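Asks: With positions in the sequence shown counted from 1, the corresponding number in the numbering used here is that position plus 971.
Just so you know, the hints here were simulated from the structure itself, not pulled from any lab data.
Mixed in with the good hints there might be a few duds.
Mimicking DSS-like on lysine-lysine, the simulated pairs with C-alpha atoms at most 25 Å apart in a straight line are [claimed, not checked]: (1) Lys1039 to Lys994; (2) Lys978 to Lys1001; (3) Lys1022 to Lys1039; (4) Lys1001 to Lys1022; (5) Lys1072 to Lys1001; (6) Lys1060 to Lys980; (7) Lys983 to Lys1039; (8) Lys994 to Lys1025; (9) Lys978 to Lys1025; (10) Lys980 to Lys1001; (11) Lys1025 to Lys1039.
A quick note: this is a predicted structure, and the numbers were derived from the prediction, not measured.
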Amino acid sequence: MNEIKDKYKCPKELLPEGFNYPKRYIDYIKLDNEEFDLNGFSSSIAFLWDKEIKSFLEEAKQASWLKKLIPFGSLEDELFCFAGDGSEKIYVIDLGDSPLKAHVLPYQNFYEFINVIRVANGLEPWNPL
């Protein structure tokens, strides 16, 4: 299980000081992998692997505002990021925009965000115990 979680997290040394992945994100990664293994489908978000996150963060050093965002998933041309400041805000970057801009999404946390995505894709809401 730790292998699954670690595969979807950036190496700690590249993260902003004090940043911790939201617990619900870590819990959900395991569920998403189990749903895919059992049913052949997942929430439709492509969760980024550690190497993809690391690559983005290294490129983001060029733009100071990007350094504060921690990418975790993508859907078509949209890149979803956690706020690197420890808040539970989720940002979206439309990779088709030039110049790139980050927009905060209207969700309070990852739990609310992922359930909107799940329902939009015909899946039951996620209700962890």
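Asks: A separate judgement is required for each hint: does it hold in the structure or not?
Replies: Results for each hint:
{"no.": "1", "hint": "Lys1039 to Lys994", "in the structure": "holds (19 Å)"}
{"no.": "2", "hint": "Lys978 to Lys1001", "in the structure": "holds (11 Å)"}
{"no.": "3", "hint": "Lys1022 to Lys1039", "in the structure": "holds (18 Å)"}
{"no.": "4", "hint": "Lys1001 to Lys1022", "in the structure": "holds (18 Å)"}
{"no.": "5", "hint": "Lys1072 to Lys1001", "in the structure": "violated (30 Å)"}
{"no.": "6", "hint": "Lys1060 to Lys980", "in the structure": "holds (17 Å)"}
{"no.": "7", "hint": "Lys983 to Lys1039", "in the structure": "holds (14 Å)"}
{"no.": "8", "hint": "Lys994 to Lys1025", "in the structure": "holds (20 Å)"}
{"no.": "9", "hint": "Lys978 to Lys1025", "in the structure": "holds (11 Å)"}
{"no.": "10", "hint": "Lys980 to Lys1001", "in the structure": "holds (13 Å)"}
{"no.": "11", "hint": "Lys1025 to Lys1039", "in the structure": "holds (13 Å)"}
Hint check: a violation occurs at hint 5 only; the rest are consistent with the structure.
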